[in-house]
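Asker: So you can see what is in the structure, the chains are spelled out below.
2 protein chains.
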Amino acid sequence: MNLAVRLPVYDPHAIQDPISPLSGVANKVTPNATPVVPGSPRLTTPPNGQKQINAVKSLEAQIDAAWEVWDLIRTICEYNTRLSLALDLGPPLPNSLDVLNKWSAEAVRYICLPASTFIANAKGYPVLPKPTQTFIRDSMAHRPNIVLSSVSSNLHARGGEDAYSQYIKHLEATSPIVLATRKAGSVENFAQGYQDFLQAPLQPLMDNLHSITYQTFEQDPVKYRNYEEAVYRALLDRPQAVRIVICVAGAGRGPLVARCLSAIQRSDRNAFVYAVEKNPNAFVTLQHRLRSEWQGKVKLLFGDMRQITIDEQADILVSELLGSFGDNELSPECLDGAMRFLKPGGISIPSSYTAHLAPLSSSKLYNEARSVKDLKSLETPYVVMFQAVNVLSGDGGGASSRCGPKVQECWEFEHPRRDVVLDGRGLPPTNTHNTRSAKLNFHIPHAGVLHGFAGYFEAVLYGNIGLSIHPHRKNSISKDMLSWFPLFFPLREPLYLPRNSELHVSIWRLTNQRQVWYEWHAESFLSIDGTPSEMTTRQSTPSIGTASRSSLLPSSPSFASSPLIDAVEIPGERKAQREDSDYSRMMDGLLKIGHTGLHNADGRSSWMGL
Amino acid sequence: MNLAVRLPVYDPHAIQDPISPLSGVANKVTPNATPVVPGSPRLTTPPNGQKQINAVKSLEAQIDAAWEVWDLIRTICEYNTRLSLALDLGPPLPNSLDVLNKWSAEAVRYICLPASTFIANAKGYPVLPKPTQTFIRDSMAHRPNIVLSSVSSNLHARGGEDAYSQYIKHLEATSPIVLATRKAGSVENFAQGYQDFLQAPLQPLMDNLHSITYQTFEQDPVKYRNYEEAVYRALLDRPQAVRIVICVAGAGRGPLVARCLSAIQRSDRNAFVYAVEKNPNAFVTLQHRLRSEWQGKVKLLFGDMRQITIDEQADILVSELLGSFGDNELSPECLDGAMRFLKPGGISIPSSYTAHLAPLSSSKLYNEARSVKDLKSLETPYVVMFQAVNVLSGDGGGASSRCGPKVQECWEFEHPRRDVVLDGRGLPPTNTHNTRSAKLNFHIPHAGVLHGFAGYFEAVLYGNIGLSIHPHRKNSISKDMLSWFPLFFPLREPLYLPRNSELHVSIWRLTNQRQVWYEWHAESFLSIDGTPSEMTTRQSTPSIGTASRSSLLPSSPSFASSPLIDAVEIPGERKAQREDSDYSRMMDGLLKIGHTGLHNADGRSSWMGL
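Top to bottom, those sequences are chains A and B. The numbers in UniProt numbering rise by one with no breaks, and the one at position 405 of the first sequence is 405. The numbers in UniProt numbering rise by one with no breaks, and the one at position 575 of the second sequence is 575.
Heads up, a few of these hints could be off.
Note that the list lumps identical chains together, so a pair holds whenever it fits in one copy or between two copies.
Stated by the list, open to error - List of simulated lysine to any residue pairs, SDA-like, C-alpha gap at most 20 angstroms:
| # | residue 1 | residue 2 |
| --- | --- | --- |
| 1 | K406 | W607 |
| 2 | K299 | G346 |
| 3 | K376 | E493 |
| 4 | K169 | S483 |
| 5 | K130 | V222 |
| 6 | K183 | R74 |
| 7 | K439 | I73 |
| 8 | K376 | R492 |
| 9 | K297 | P94 |
| 10 | K406 | L375 |
| 11 | K376 | T75 |
| 12 | K169 | D268 |
| 13 | K373 | E78 |
| 14 | K299 | A258 |
| 15 | K123 | I244 |
| 16 | K373 | E493 |
Just so you know, the hints here were simulated from the structure itself, not pulled from any lab data. All figures in this text were calculated on a predicted structure; none of them were measured in a lab.
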């Protein structure tokens, strides 16, 4: 079944006479017979000044209203996958496409373009207005069917019937997403066929990876270049005369070992490499490479880095244990075990990493996650190459000026961590110092349905060399890096968020002696007065890479106890109490309007094994 | 696990310095060691004027905040039945208990009363302040454990330690609900053991009722008294000389037949009774009573009233086919079939009936409905004697003045209905004229969680004689009637409603050739400006009984198509379109904040068989 939604006509009178949220629903699509809203004047040149601002606001409200109707219908139809959408782009679109982003998270199958939508260019050929052009180019990611109509009615002086479809083909060929997909080496090209496909995250600590997995990840041209650069700079920062020991913790089939050797050669330093690996299959490859390539430069050590002993302590510990959310493949726990290998002044590459979150709308991902009829599938974080998604948050503090940016930092891990109590073997007696929690406030500028959260990571390898899949910073830190798709934290039930609302997200990283897991929960609010609270927004902290870090969150992580765990000692708990009273001040002026359940309580549905 | 929630201290400074929503949570209850909020002055005499109003509003906001904390915790715990609540009534309560009603829908297991809560009466004995007295008396319905503390600290001049518990026993003995339960013949007495117990509604058309079921319902002293009175008055309104024919459609074991004969005798009219019954077991009883009691006055007819033929047409058709929601046991369909028996000027007793709805909060009922791990159980209306429930709606139009009263009328059925097209046998060819729909707007004054809807009916038997289980009118129309508990329409997922929100409920009665079912759906809104729309609130219509009918809804039912049915012709559809444009005007100034799913779409989970 297809449903046609007509995006609203640009109507400066709409402030007095808003279009009904129900009038946007037309009957089923019949190409060449697109319905027309009678009596609505179409202005391509908007009036000036305040009236223009009002008209734009009203237009946005109308586009929101058209989406509201769609949302109500598909909710009532329980996200049935047989229900898809036809967008009628006949009416002109606003210049700012922010409000249209929400359609990218919906099942848009047809886009209807009557000839009357086209304007004439200087030569008299039919072309589309700029905003419609941009929207069509962006929509090409979803491969919609474009339905042209009235093309034989000679509305334009030049080009005839074919000019319309030729122009659409031109838009497709110049679409940024189509171009990126065709470019060898791009993430979009690499990820073809994986878009919006849910993958369970790897458990490299519990499971031994297959050779094909290593091979896939070894292909990444950017990740290992940055690792080599980080090791190279770390070597340069050490005196030439002294022997330097490097330990690669988790060497796999050896890509980091090779990069370390290359960095040693380039930096002209006297250094030796230990390579630790627990996977016997990968170790065979390492042994082969030692014989054929690395004679005398490398020593191999077989075993778990949390248990084995090493001949001498290292100056530089190099590891590649990061997951899409940073710590989600248990890098903190593994490196805790390997810190015994490090000299007092030794360093870790990576030296730190942070986890980042953003609220996401995607009917596709929601439907994928619930297609397995099991609670577990809706409480498991997945690795996903996002495509039909819309990040619901906006930059700016929201009505109350109390919200952080569009994508927000949850927490950070640093290595080596000097403040942990160690037992006689040099290991931490419990894992509670690796628990984390964050409470993030997002501004939601446009109405939308929350289906889950996008998770990203950013790592500092050494100095200003890093790795990032943060959507706003990845291009300046590690452009074209292929190894990580983002994480998707689903919700059991969608949560409707009105325009100008606030979303308060709580996320925890919790642990017992055998497992690590995440729990997540969210509440929605509306501002009931316009007065910002006395809380000052925090200053941004300096960043790696060339992009400035726009996060308003503190650089040190914040902590709060899990709702289900009584007895865990969480470091910084006194700070959490202070934040609670901040929280109560923040509640002043906010009206709660909804909440999700607590997801994955006590790790019942998903966890990583230690 | 018990959770202690301390109802907030009366604090006039609270406007400047609101209590944290989290500070209300104390540790587990330890009797005799109730926690005290430090530094909060307790005023038993509130200050006057505007300051007093502000203080009361702030106090209500704080009680709301205490409940918010509880709601968040029990949601996070997924309504675990092992989680119960201890209320600390130490601080004084406000004079208006409206804001406390929400606790009646929660699992309050303990009420803590430190001796300091008690004030001294004229003689120096400890007594409770009036609002606390009332709250305790009302709470006795749930049989909480009362935890007294500090009773040996000699805070009061007279009575000693025992005076506190003696006083509580006195409150219990004088509790209206306890008194009602002890009174023979009251609904509360009759319903003992059935409180908050979900029963599937009867299907007397599809199933033949058991003898024990007839026996239970024949005990109702009020229902049959009102039926006799209605028949009596109908007879009085007919001339004495003419022979009058009464037909009892669905005679069961004969209670209505007996009442008709009694009415004939009292009214001194020349009348004859036909009794139609389809249940062969009940028919045996009827035959026995004909021989022993009704010789010559009654003729029995065996068969379905929609199919049998009758010797002569009737002046008065008497039936008792009503369910808790009026039409939910298919009275409209059965009476359609029996209208063939009626003379052109004949009447039906009942002559009309209406269905009524109110939004309900009850964690108990929600937990009961979902205890069967099946979608069906959350899309089935149940018959329930309500106890641990709270009706969330308030009277008054809400912020926007567009809402109806606390309990609202959905639709009406009238018999005989003269405008239905009939086939050659005198039967309607389809059942579409018995479809109904309603869109109801409720004002929600206090924050709460919507778990479903309460359904009630009211019937006009004849003139101003009726039957009603409408909570505000039953006592004036049919006090102490036992036969019907209300209906409960559950929700699949609870819907959080903030204070001063609006709830728009859609409910449909739909039909195909074999089944009749209900569908329901709700959306929540907040008012974004204080301006009432240009819609005028509708005038109330005159009512039966002595109570005035406070409904603001039109007396004729309104119609709208089902979201899932395309091709049903619904009478009054043109009217529905007009209402849609009203609806769009109403949306002006409202911000949608949430919605439920559509329940029981296409009758997939529950239906009545024709």
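Asker: Hint by hint, say whether it matches the structure.
Answerer: Structure-based check of all given hints:
Proximity of K406 and W607 under a CA criterion of 20 angstroms is satisfied in neither setting, with 27 angstroms inside one chain copy and 47 angstroms between copies. With identical chains, the CA atoms of K299 and G346 are at most 20 angstroms apart within one copy only, with a shortest distance of 19 angstroms there and 105 angstroms across copies. Both within a single protomer and between protomers do K376 and E493 lie at most 20 angstroms apart by alpha-carbon distance, with minima of 13 angstroms and 18 angstroms respectively. Taking the shortest Cα distances, K169 and S483 never come within 20 angstroms of each other, neither inside one copy (33 angstroms) nor across copies (71 angstroms).
Taking the shortest Cα distances, K130 and V222 never come within 20 angstroms of each other, neither inside one copy (35 angstroms) nor across copies (74 angstroms). Taking CA atoms no more than 20 angstroms apart as the test, K183 paired with R74 passes in neither setting, with 36 angstroms inside one copy and 52 angstroms between copies. Taking identical chains as interchangeable, the C-alpha atoms of K439 and I73 lie at most 20 angstroms apart only when they sit on different chains, with a minimum of 17 angstroms there against 33 angstroms within one chain. In this assembly of identical chains, K376 and R492 lie within 20 angstroms of each other by CA distance both inside one copy and across copies; the values are 9 angstroms within and 19 angstroms between.
Taking the shortest alpha-carbon separations for K297 and P94, neither the intra-copy value of 63 angstroms nor the inter-copy value of 80 angstroms comes in at or below 20 angstroms. Within a single copy, K406 and L375 get their C-alpha atoms no closer than 29 angstroms, and across copies no closer than 37 angstroms, so neither meets the 20 angstroms cut-off. In this assembly of identical chains, K376 and T75 lie within 20 angstroms of each other by CA distance solely across copies; the values are 18 angstroms between and 22 angstroms within a copy. Proximity of K169 to D268 under the C-alpha cut-off of 20 angstroms is found in neither arrangement, the shortest distances being 54 angstroms within a copy and 91 angstroms between copies.
Taking the shortest Cα distances, K373 and E78 sit within 20 angstroms of each other both inside one copy (14 angstroms) and across copies (19 angstroms). For the identical chains of this complex, K299 and A258 are intra-copy neighbours only, at 13 angstroms inside a copy versus 104 angstroms across copies, given an alpha-carbon limit of 20 angstroms. Within a single copy, K123 and I244 get their C-alpha atoms no closer than 69 angstroms, and across copies no closer than 90 angstroms, so neither meets the 20 angstroms cut-off. With identical chains, the CA atoms of K373 and E493 are at most 20 angstroms apart both within one copy (13 angstroms) and between copies (17 angstroms).
When held up to the earlier numbered hints, the structure conflicts with 1, 4, 5, 6, 9, 10, 12, 15 and fits the remainder.
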